[in-house]
Amino acid sequence: MLLWALVLEQQEVAKLCLQKVERATAMTLIASDFYADLSKKWKNISREDEMQKYMVEWTNISKGIIDVSYSDDKKKTASMLLQKLPYWDNNSCIELAFHSAKQDIIARDNNSCIDLAKHSKKYDIIAHPACQKAFDSFWEMGLHGKKSSIMFAMCIIFPVLAGLLKFNSTDSVKEKIRTFFYMSKTKFIYTMIWYFAFLILFAYVLVFDLGDTVTTTQYVLLAWVVTMLLEEIRQMARSHRQYFTNGWNVLDIITIVLFSIGFGLRFTDMLNAARVLLAIDFVAFVLRLNHIFYVHNILGPKLKMIRQMFQDLLYFLVIMAVFFFSYAISSYAVLYPDSPFTWETVKQILRRPYWHLYGELFLEETEGLTDCTHDSVLWTNGTYPRCPSETGKIVVPIMMAIYLLVANILLLNLLIAMFSFTFNELNKDSNSHWCFQRYDVFNEYADRPVLCPPLNVFWLLHLFVNRRKSSEKKNDPFRVSLDDRKMEDIIEFEKAEVEKYLNSQKLKDSESTDGRIKTTNEILQDMNKRMEIILQDMNKRMDIMQTQMKKLAKKIK
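Under full-length UniProt numbering, the first residue of the sequence shown carries the number 1, and numbering increases by one thereafter.
These aren't lab readings, by the way, just hints derived from the structure by calculation.
Be aware that a few hints might be false.
Quick list of the computed label-pair ranges, beta carbon to beta carbon [what the hints assert, rightly or not]: (1) Val286 <-> Ser172: 54 to 60 Å; (2) Ile533 <-> Phe421: 39 to 45 Å; (3) Ser239 <-> Phe423: 29 to 35 Å; (4) Thr217 <-> Asp136: 53 to 59 Å; (5) Ile402 <-> Lys53: 35 to 41 Å; (6) Leu535 <-> Asp509: 30 to 36 Å; (7) Val250 <-> Ala223: 34 to 40 Å; (8) Glu344 <-> His462: 57 to 63 Å; (9) Met236 <-> Lys500: 20 to 26 Å; (10) Val377 <-> Ile233: 56 to 62 Å.
Within a straight-line C-alpha distance of at most 20 Å, the following computed EDC-like cross-link-like pairs (lysine to aspartate or glutamate) qualify [to be verified]: (11) Lys187 <-> Asp124; (12) Lys185 <-> Glu9; (13) Lys166 <-> Asp124; (14) Lys75 <-> Asp447; (15) Lys20 <-> Glu50; (16) Lys76 <-> Glu488; (17) Lys20 <-> Glu9; (18) Lys304 <-> Asp429; (19) Lys76 <-> Asp429; (20) Lys166 <-> Glu140; (21) Lys76 <-> Asp447; (22) Lys74 <-> Glu9; (23) Lys75 <-> Asp484; (24) Lys15 <-> Asp484; (25) Lys486 <-> Glu22.
Note that CB positions come from ideal geometry on N, CA and C, so glycine has one too.
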């Protein structure tokens with residue numbers, strides 16, 4: 001009934017049905033996602049705006065239910081968000097608020113509310129304190145406070161001390177050690193430590209050990225990259241449909257491919273080409289470090305801003321290219337007429353206007369102040385630079401002044417304004433975006449093996465030898481299975497909170513000016529309907545009386 005009401009756009013009926021369904025929070029996320037999809041398919045602007053309005057309304061209902069639930073019982077709210085949802089691929093509400101593959105998720109089973117929030121990219125839901133508390137609990141595993149943080153840092157250096165940690169519900173030393181190594185936080189830190197070691201080794205090979213002969217250090221570096229490739233293959237096998245939707249995974253593949261090509265070329269006569277490729281590859285590997293900033297509440301949002309500003313820069317470059325090439329070609333044609341068609345000429349055409357943007361004007365070339373020649377033989381073979389034409393000495397400085405006025409003052413200030421606008425817009429929702437990115441990192445490292453590259457080869461050998469199917473299952477901390485009794489308790493709790501929220505909204509609507517007007521209109525409409533019924537009844541009676549009077553008149557005659 002709820003889905004049918006959503007299709008017919010009967011919002012009031014859908015809200016009434018919401019009080020009767022199980023897992024209402026998940027259904028509100030699905031409703032929001034449903035209207036978000038419809039808004040993209042409508043070409044009519046008014047209908048698109050209407051669908052967007054419904055999407056926002058249902059997102060607010062979802063957030064409101066979580067608000068009310070969280071204020072009443074934090075623990076039950078966490079269970080409500082994390083429990084697996086049948087018919088939604090065993091995801092949770094949090095995961096459904098994160099993911100964007102909406103069509104896929106609606107066709108699968110056992111999601112949770114976190115899954116729904118993930119799939120539909122509900123930033124407000126992911127950033128809700130209830131979700132963040134669940135994330136913190138999963139990331140820290142009860143290790144809060146300065147003392148616990150110091151002890152955890154000691155365990156990172158000396159893992160044998162892990163048995164002294166105090167987790168949420170682990171008592172035995174063996175369980176504590178196991179929990180420590182399986183923590184996403186532990187895996188994240190060890191991955192970063194080993195990655196820094198890899199970059200140091202790569203830098204050493206690139207600067208000090210990339211000669212004609214292949215050394216042991218280079219083979220160690222190659223083996224390390226192979227272990228990274230094995231990890232990427234494992235990730236691809238586990239989630240092949242979503243693997244390439246993650247930009248960091250694409251960067252990982254690019255770095256490995258570049259390294260393979262560069263390392264292969266060093267066995268040929270193209271050692272310089274290999275060195276250039278490996279240098280570029282090193283830059284790509286270093287850029288991969290930006291991923292670790294996602295867990296930081298200040299640096300994480302800045303990465304989002306940089307990415308958005310880069311998109312702004314691409315649009316700006318399209319406009320800039322129009323002025324750049326027009327000035328580059330026209331000024332060179334006037335300054336050096338009848339130039340030969342060579343790569344050197346193309347390079348010179350583009351060189352001057354590009355460096356003009358940074359303040360290098362090349363006035364000595366433009367005005368012919370340096371030693372130069374008009375002899376084509378001498379300037380062609382590079383003995384002397386070519387002298388500019390007399391017309392060019394007069395016209396090109398004027399063209400350059402106009403170009404600098406447009407490019408350096410107008411367009412660059414436009415770019416700064418675009419960056420400022422992007423920064424201000426993203427800064428408003430920086431916390432929501434950071435929470436969203438942080439969850440992505442948490443979820444990724446929950447599925448990582450205990451041993452990171454290059455040690456992951458031992459983990460893979462362990463799995464191969466033991467063939468433990470249980471180890472091959474995806475670790476999903478944001479999907480919790482509840483027994484029947486607890487599930488019924490959570491369902492009843494959720495129904496009560498939904499009813500409480502909807503009743504509070506009705507009360508607010510009735511107390512507001514718009515609500516009073518609406519209530520008054522409803523009363524007037526009701527009175528109007530009653531008056532119509534009374535009038536219809538009176539008309540019927542009048543007709544009956546007229547009929548009877550006519551009959552009496554006939555009898556009298």
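Here is what the structure says about each hint:
As the Cβ distance of Val286 to Ser172 is approximately 42 Å, the hint placing it in 54 to 60 Å is violated. A beta carbon spacing of about 59 Å between Ile533 and Phe421 contradicts the range 39 to 45 Å that was offered as a hint. Under the hint 29 to 35 Å, the C-beta atoms of Ser239 and Phe423, about 33 Å apart, fit the expected range. For Thr217 and Asp136, the hinted distance range of 53 to 59 Å is not satisfied, since their beta carbons lie about 42 Å from each other.
At about 48 Å, the CB distance of Ile402 to Lys53 disagrees with the hint of 35 to 41 Å. Evaluation of the 30 to 36 Å hint for Leu535 and Asp509 yields a pass: the beta carbon distance comes to about 32 Å. Restraint check, Val250 to Ala223: a C-beta distance of roughly 24 Å breaks the suggested window 34 to 40 Å. The hint said 57 to 63 Å for the Cβ distance between Glu344 and His462, and at roughly 59 Å that hint holds.
Separation of Met236 from Lys500 is about 46 Å and departs from the stated range, judged on CB atoms against 20 to 26 Å. At about 60 Å, the CB distance of Val377 to Ile233 agrees with the hint of 56 to 62 Å. Pair hint Lys187 plus Asp124 does not hold up; C-alpha atoms about 28 Å apart against a cutoff of 20 Å. With a C-alpha separation of about 45 Å, the suggested pairing of Lys185 with Glu9 is violated against the 20 Å cut-off.
Using a Cα cut-off of 20 Å, the hinted pair Lys166 and Asp124 is violated, with the two alpha carbons roughly 32 Å apart. Taking the CA atoms of Lys75 and Asp447, the gap is about 25 Å. The hint is violated against a cut of 20 Å. Between Lys20 and Glu50 the alpha-carbon distance is near 26 Å, which puts this suggested pair outside the 20 Å criterion. Between Lys76 and Glu488 the alpha-carbon distance is near 12 Å, which keeps this suggested pair within the 20 Å criterion.
With a CA separation close to 18 Å, the supplied pair Lys20 and Glu9 stays within the 20 Å bound. Restraint check for Lys304 and Asp429: the C-alpha separation of about 11 Å stays at or below 20 Å, so the hint holds. The suggested pairing of Lys76 with Asp429 is violated, with an alpha-carbon distance near 28 Å, which exceeds 20 Å. Proximity of Lys166 to Glu140 is assessed by CA-CA distance (about 11 Å); at most 20 Å being required, the pair is judged to hold.
Between Lys76 and Asp447 the alpha-carbon distance is near 26 Å, which puts this suggested pair outside the 20 Å criterion. Of the supplied pair hints, the one linking Lys74 and Glu9 is violated, its CA atoms being roughly 33 Å apart against a limit of 20 Å. For the proposed pair Lys75 and Asp484, the alpha carbon gap of about 17 Å is at most 20 Å, so the pair holds. Proposed proximity of Lys15 and Asp484 is contradicted: the alpha carbons are some 27 Å apart, above 20 Å.
A C-alpha spacing of about 14 Å is found between Lys486 and Glu22, which places the hinted pair at or below 20 Å, so the restraint holds.
Against the hints set out earlier in the document, violations occur for numbers 1, 2, 4, 5, 7, 9, 11, 12, 13, 14, 15, 19, 21, 22, 24.
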